[in-house]
Amino acid sequence: MKEIKFSEAILEAIDQSMQKDKSVILMGLGITDPKSIFGTTKGLLKKYGVKRVIETPTSENAVTGIALGASIKGLKPIITHQRVEFALLSMEQIINQIAKWNFMSAGKQSVPLVIRMIIGKGWGQGPQHSQSLEVLFSHIPGLKVVAPSNASDAKSLLMTSIKEKHPVIFFEHRWLHDIKGKIENKKEVKIGKAKIIKKGKDLTIVSFSEALIQVMRIYNFLKMNNVSAEIIDLRSLRPLDEKTIIKSVSKTGKIIVIDNGWTKYGIASEIISMVVEKGFKFLKSPPKKIGIENISISSSRTLAEKTYLNSKQIIHNIFKIINKNIDKKKLNEFIKKNENDHTDIPYQDFRGPF
Amino acid sequence: MKEIKFSEAILEAIDQSMQKDKSVILMGLGITDPKSIFGTTKGLLKKYGVKRVIETPTSENAVTGIALGASIKGLKPIITHQRVEFALLSMEQIINQIAKWNFMSAGKQSVPLVIRMIIGKGWGQGPQHSQSLEVLFSHIPGLKVVAPSNASDAKSLLMTSIKEKHPVIFFEHRWLHDIKGKIENKKEVKIGKAKIIKKGKDLTIVSFSEALIQVMRIYNFLKMNNVSAEIIDLRSLRPLDEKTIIKSVSKTGKIIVIDNGWTKYGIASEIISMVVEKGFKFLKSPPKKIGIENISISSSRTLAEKTYLNSKQIIHNIFKIINKNIDKKKLNEFIKKNENDHTDIPYQDFRGPF
Amino acid sequence: MNRNTKLNLFKIVYKIRKVEETISKLYSENEMRCPVHLSIGQEAVASGVCSNLKENDEIISTHRSHAHYIAKGGNLNSMISEIYGKKSGCALGIGGSMHLQDLKKGINGSVPIVGSTIPIGVGIALFNKIKKKNNLVTIFFGEGATEEGVFHESINFAALHNLPILFVCENNLYSVYTGLEQRQPKKRDLKKICEGNSLAYYHEDGNDVIKVHNKVKEIVKRIRKNNQPTLIELSTYRWLEHCGPNWDDNLRYRPSGELKKWIKKCPLARIKKQIKNKPLISRATKQLDKEINSAFVFAKNSKFPSNKIIKNFYF
Amino acid sequence: MNRNTKLNLFKIVYKIRKVEETISKLYSENEMRCPVHLSIGQEAVASGVCSNLKENDEIISTHRSHAHYIAKGGNLNSMISEIYGKKSGCALGIGGSMHLQDLKKGINGSVPIVGSTIPIGVGIALFNKIKKKNNLVTIFFGEGATEEGVFHESINFAALHNLPILFVCENNLYSVYTGLEQRQPKKRDLKKICEGNSLAYYHEDGNDVIKVHNKVKEIVKRIRKNNQPTLIELSTYRWLEHCGPNWDDNLRYRPSGELKKWIKKCPLARIKKQIKNKPLISRATKQLDKEINSAFVFAKNSKFPSNKIIKNFYF
Ligand SMILES: Cc1ncc(C[n+]2csc(CCOP(=O)(O)OP(=O)(O)O)c2C)c(N)n1
Ligand SMILES: Cc1ncc(C[n+]2csc(CCOP(=O)(O)OP(=O)(O)O)c2C)c(N)n1
Ligand SMILES: [Mg+2]
Ligand SMILES: [Mg+2]
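Heads up: the sequence lines are chains A, B, C and D, in that order.
For the first sequence, the positions run 0 to 353 when numbering that gives the first Met the number 0 is used.
For the second sequence, the positions run 0 to 353 when numbering that gives the first Met the number 0 is used.
For the third sequence, the positions run 0 to 314 when numbering that gives the first Met the number 0 is used.
For the fourth sequence, the positions run 0 to 314 when numbering that gives the first Met the number 0 is used.
It should be emphasised that the hints constitute simulated quantities derived from the structure, not laboratory data.
Fair warning: there could be bad hints in the mix.
[Claimed, not checked] Restraint ranges, calculated between C-beta atoms of paired labels, are given here:
| id | chain 1 | residue 1 | chain 2 | residue 2 | range |
| --- | --- | --- | --- | --- | --- |
| 1 | C | Arg251 | B | Lys185 | 36 to 42 Å |
| 2 | A | Lys197 | D | Glu257 | 53 to 59 Å |
| 3 | B | Lys181 | D | Asn311 | 36 to 42 Å |
| 4 | D | Leu250 | C | Asn7 | 56 to 62 Å |
| 5 | A | Gln347 | D | Leu250 | 24 to 30 Å |
| 6 | D | Asp288 | A | Gln347 | 33 to 39 Å |
[What the hints assert, rightly or not] Not everything, but these chain D residues come out facing chain A in the computed CB check (under 7 Å):
| id | residue |
| --- | --- |
| 7 | Gly84 |
| 8 | Ile112 |
| 9 | Gly143 |
| 10 | Glu147 |
| 11 | Val175 |
| 12 | Thr177 |
| 13 | Leu250 |
| 14 | Phe314 |
Note that CB positions come from ideal geometry on N, CA and C, so glycine has one too.
Hey, can you work out the whole structure from these sequences and the hints?
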């Protein structure tokens with residue numbers, strides 16, 4: 000098994016899908032430029048030509064409608080937004096048209112369309128370039144929403160999404176793009192299937208996308224402290240793999256959800272409400288959700304770092320749920336050894352700006 | 000106390016606010032036309048002139064940005080959308096700009112802006128004219144979201160919203176517009192305060208907007224069956240009156256949320272997850288959420304009626320939570336007597352189309 | 000123009016008029032329980048445009064789509080059934096009047112969000128270009144839709160990619176009850192806007208079906224040859240209320256006398272006059288009356304859709 | 000043009016250039032931890048436009064706002080502090096480079112969503128009209144923003160209401176790395192688009208600050224008189240990368256030689272030549288160098304904002 004970056008996994012998924020299926024086309028701002036969306040569309044123009052790799056004007060709303068029109072006739076467009084925020088210009092097309100076209104056409108047409116949305120964070124991005132907003136799409140019947148956390152899932156899920164008959168919103172957190180992972184080519188990841196990353200019995204930790212990386216950063220501390228956590232990577236937000244979550248909670252009796260985004264009316268709210276409706280009898284202590292602060296994200300690093308998820312907060316909440324004391328010295332040592340100096344970058348060699 | 004229609008209450012709120020404060024202006028498609036948005040803007044053009052009552056082109060996105068620009072300088076614009084769906088064209092302005100401007104200007108400017116969104120339903124409106132979508136706004140820090148269920152609250156909440164320094168999304172369900180109610184002019188309804196409509200001890204029913212009307216329709220059946228329900232009208236969705244809800248649940252130990260919209264990642268999900276996080280120890284049985292089916296709404300009445308909330312479903316779920324059997328004959332009699340013949344209209348004399 | 004073409008144009012105009020009048024008449028029975036946006040007064044636009052389109056040419060439309068659907072040859076039984084919310088409807092009753100579609104006839108659908116089908120139509124044309132299909136795409140919309148940003152984004156894209164599209168702007172002077180003067184500057188000039196975006200622009204009297212037919216014929220030929228997306232603005236007028244079955248001149252949102260003036264330019268009366276041959280006309284109308292009548296009977300007798308169909312769609 | 004005006008124009012151009020160069024030089028210290036979009040090569044636009052504006056005239060800008068902020072007289076210490084994320088920043092460090100603002104100088108802000116400040120600027124002008132203020136509103140944006148629907152919606156509205164607005168389209172040929180030919184049809188004509196929307200349109204060499212100043216002077220006078228919203232397109236060129244402190248001609252997204260050609264048209268060199276008086280220039284630059292240097296020192300020495308300020312804002 001080879002190890003490649005998340006961004007390379009995306010590229011491979013698109014490349015192989017375009018190779019296999021001539022109906023797949025790409026649309027978006029910057030897909031043919033030298034930076035090629037964090038490298039995820041590198042070389043595709045040369046390989047597949049301007050008819051299939053279509054650089055676009057700054058017209059997000061129309062481009063989305065155009066992709067929809069092309070898709071109902073049989074093309075499989077992939078749209079890319081360099082930031083989730085730009086996609087807000089196309090919400091009308093996404094929610095009123097794309098999500099409903101299969102229904103509105105009484106099943107006669109379907110919309111095999113993928114919209115890649117990249118979540119920004121860090122390096123002073125500020126309030127308009129760092130929102131997650133997964134819940135805005137996850138609420139809508141007719142859409143599928145996925146948010147992989149690693150290269151292998153990203154590759155397989157993107158290929159599945161491209162093959163899929165119905166529209167998929169594909170979330171990529173830009174802090175994942177440079178993380179390497181082994182690609183498991185054998186198994187196809189289906190949309191709607193969560194994955195148990197770590198087996199455990201003391202509590203269930205549910206997370207997804209980059210938030211899961213934050214969880215994995217503190218996994219060793221849990222182990223050191225004999226906390227046996229079962230960690231679930233959702234991978235899909237809609238449909239949600241309710242079974243896997245409930246099964247885990249039936250075993251652990253405890254659940255914490257670590258969210259990429261805001262917690263009020265957020266992704267975690269649905270998961271907890273679902274768990275408590277369907278697995279009330281298993282619950283031994285109040286479930287908990289944490290995510291970023293329910294405020295906008297500042298540019299200045301000292302303010303931004305207070306907004307983001309952080310290891311200490313995650314650990315404290317976990318220990319509270321399982322009703323265990325933390326050795327503060329150990330915790331501080333662990334944090335010191337494992338954290339970046341700056342919370343506005345994922346790794347020391349990360350530089351902004353875009 | 001006089002009794003007036005919900006739509007008249009809206010009109011009074013706007014009229015009195017415009018009278019009192021010269022900064023209040025109105026913008027929107029149809030506000031000066033003969034139908035004057037279900038009568039809610041009737042006569043205002045004549046009274047306040049074209050400078051303050053501004054009919055607009057079909058340019059929802061720009062109009063929203065224009066209102067924002069005017070508001071940061073000191074005007075208090077009220078924008079009206081005849082359907083929630085049209086506002087989707089302006090999501091970028093609402094989420095990226097309006098919700099964040101106070102923050103982005105480091106508190107130097109604020110956005111005293113009200114956006115009225117009208118929820119359509121019934122008379123074959125179909126998939127694109129009957130969505131609720133409150134959660135799309137309720138998730139966003141920087142926005143306030145209100146959704147009154149009766150004329151009195153509507154009037155007071157709208158006046159409060161207009162006076163408010165920060166942006167408010169004001170939801171009106173069109174089936175409420177014709178319902179009459181007594182206006183309690185004494186008390187100002189604050190944004191963020193729920194109201195206990197009925198006191199009770201067996202279970203807590205949380206609802207809002209038109210869904211609350213559906214709940215009140217079956218209240219007598221509950222009484223007849225000695226079910227003592229505490230009914231809470233949320234009125235505000237953001238901020239949410241967590242205290243009132245938790246306090247009620249601490250007494251009843253049971254909760255059901257009746258939602259206007261889709262239940263997945265919906266309004267009810269947040270309420271239940273909040274209750275279970277903060278009031279876990281009070282809960283005696285699994286909480287429950289019901290709302291409309293998680294599918295799009297059809298035009299044909301036979302399909303639409305299966306999508307909407309209905310009294311039977313509400314009653315069944317309530318009895319299940321309190322673990323009580325229903326006398327089916329009584330139930331059927333009650334339903335027959337109290338329901339409309341058609342679920343695509345709220346009252347017998349309701350006619351579409353717009 | 001030969002007599003046959005003329006007669007065919009008459010037939011389409013008449014068919015639209017008669018269908019709309021029947022809807023208007025029967026609406027008060029409360030069995031067509033959905034919003035309807037009728038095209039009475041505007042029939043010549045759809046008729047004169049679609050008479051130049053081949054069966055596999057594609058159209059896409061708006062909330063006011065009855066005329067386009069009929070003119071492009073959509074199945075009448077399915078249309079009326081759709082409005083009645085029946086399972087024999089073109090969308091199984093899911094959409095009602097605002098969601099007419101007939102894929103076999105290249106009628107891709109219509110939706111009630113102003114302007115939103117414009118990019119979707121452009122996308123169909125992009126598909127055609129990539130897959131080397133020669134179908135022309137015609138996108139119908141009202142002049143109100145040109146106030147939406149997406150219209151401008153769409154024409155820029157269409158011109159950038161030389162997509163063979165006919166944009167048809169049906170200018171009936173009103174958006175709901177709101178006149179042009181409240182929505183667009185006095186010197187607004189759609190021709191310049193189009194040409195600034197590299198679109199060819201034409202204008203024609205939208206109440207004269209022969210003129211529309213001839214002008215569009217020319218344009219369609221040119222588009223098929225050079226792929227230059229083209230917009231034609233057709234001036235016309237809606238007689239009845241914006242939405243619903245009734246006359247509404249009593250509401251006085253239109254200058255007094257305006258409606259009368261336009262009724263004098265009745266597209267049906269005009270083509271009738273241009274044909275002259277009364278027996279021919281009466282034979283045609285009789286046949287159409289029968290067809291239309293039987294469509295309403297068919298719709299009324301059809302069953303409502305069963306809730307089971309919902310599971311056939313993706314949510 | 001008198002010597003003083005010329006010298007003032009020189010000073011602004013020089014100040015912008017020097018600030019941007021200093022940012023570019025110091026960026027690698029990793030203390031300006033936010034995206035920066037520099038205006039080197041485009042200084043004459045902001046300078047020649049803002050030199051015609053009064054202090055209480057208003058501007059609103061985009062991701063590339065440094066030049067506009069400086070030219071409109073924004074406080075330099077606050078700007079550099081903002082980029083350093085310090086609490087002495089014009090937005091207390093909340094926004095960084097893409098959110099410059101100085102309300103005292105009529106600088107309403109800037110945001111990094113392309114096109115989104117255009118309607119907001121129109122809204123400010125609507126406020127001025129309703130409240131009978133005579134401030135002119137100037138809205139800066141790149142040519143990429145004219146591809147957004149909201150631009151078209153906004154100019155329609157501005158013209159409909161005769162709002163005194165100067166739209167400044169800074170055409171630097173690129174949107175990020177993407178050239179015009181991939182975004183707009185060859186014969187795209189912004190003049191026609193503007194005129195079709197009842198806007199007056201002008202064009203000028205955006206690298207000649209004197210020409211820009213003179214042309215805008217005329218235009219501003221006219222707008223103040225007749226309230227006709229007006230757009231001026233200024234042709235110019237960005238020298239460095241779209242976002243970040245570096246040269247990037249090595250990436251080859253621009254035709255070889257293009258950058259060189261534009262560097263020959265350097266706005267700073269040009270105005271310098273037009274002044275000739277070397278001592279005057281050197282006195283001015285020395286003074287500005289000092290001011291700029293001290294702004295960077297100030298910023299570096301300033302404290303970071305404390306998390307407590309968050310509670311001052313509404314969420
Ligand atoms: C985005 C959006 N905004 C507003 C509406 C409400 N609306 C329905 S039809 C209509 C009129 C549009 O006018 P025009 O495009 O000229 O079409 P016409 O009705 O005259 O045929 C409007 C504004 C809508 N459906 N969609
Ligand atoms: C709505 C939106 N789409 C895309 C982007 C990404 N983006 C940032 S700057 C930029 C370039 C815009 O070009 P132009 O308006 O010409 O300004 P310039 O950078 O040339 O000054 C783009 C596309 C964005 N910020 N907002
Ligand atoms: Mg019209
Ligand atoms: Mg540019």
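Should the hint that D:Thr177 touches chain A count as held when the rule is a Cβ pair under 7 Å?
6 Å, holds
Please test the hint of 56 to 62 Å on the beta carbon pair from D:Leu250 and C:Asn7.
Since the Cβ atoms of D:Leu250 and C:Asn7 sit about 59 Å apart, the hinted range of 56 to 62 Å holds.
The hint names D:Leu250 as touching chain A; please verify it with the least Cβ-Cβ distance against 7 Å.
4 Å, holds
Using the C-beta atoms of C:Arg251 and B:Lys185, is the stated range 36 to 42 Å upheld?
For B:Lys185 against C:Arg251, whose Cβ atoms are near 40 Å apart, the range 36 to 42 Å holds.
Against the range 24 to 30 Å, how does the distance between the Cβ atoms of A:Gln347 and D:Leu250 compare: consistent or not?
25 Å, holds
At a threshold of 7 Å, is the proposed contact between D:Val175 and chain A supported by beta-carbon distances?
Cβ of D:Val175 sits 6 Å from chain A, so the hint holds.
Distance restraint evaluation - B:Lys181, D:Asn311, Cβ atoms, bounds 36 to 42 Å
For B:Lys181 and D:Asn311 the Cβ distance comes to about 40 Å; the hint holds.
Return holds or violated for the Cβ distance of A:Lys197 and D:Glu257 against the range 53 to 59 Å.
Once the Cβ atoms are compared, 54 Å apart, the range 53 to 59 Å for D:Glu257 and A:Lys197 holds.
Hold the hint about D:Phe314 up to the distance rule: shortest CB distance to chain A must be less than 7 Å.
5 Å, holds
Agreement of hint D:Gly143 with chain A interface, Cβ distance less than 7 Å:
Where the cut-off is 7 Å and the nearest Cβ of chain A is about 5 Å from D:Gly143, the hint holds.
Does the interface hint hold: is D:Glu147 within less than 7 Å of chain A, judged Cβ to Cβ?
6 Å, holds
With chain A as the partner, please determine if D:Gly84 meets the hint condition of a C-beta pair closer than 7 Å.
3 Å, holds
Violated hints for the displayed structure: none, as all numbered hints are satisfied.
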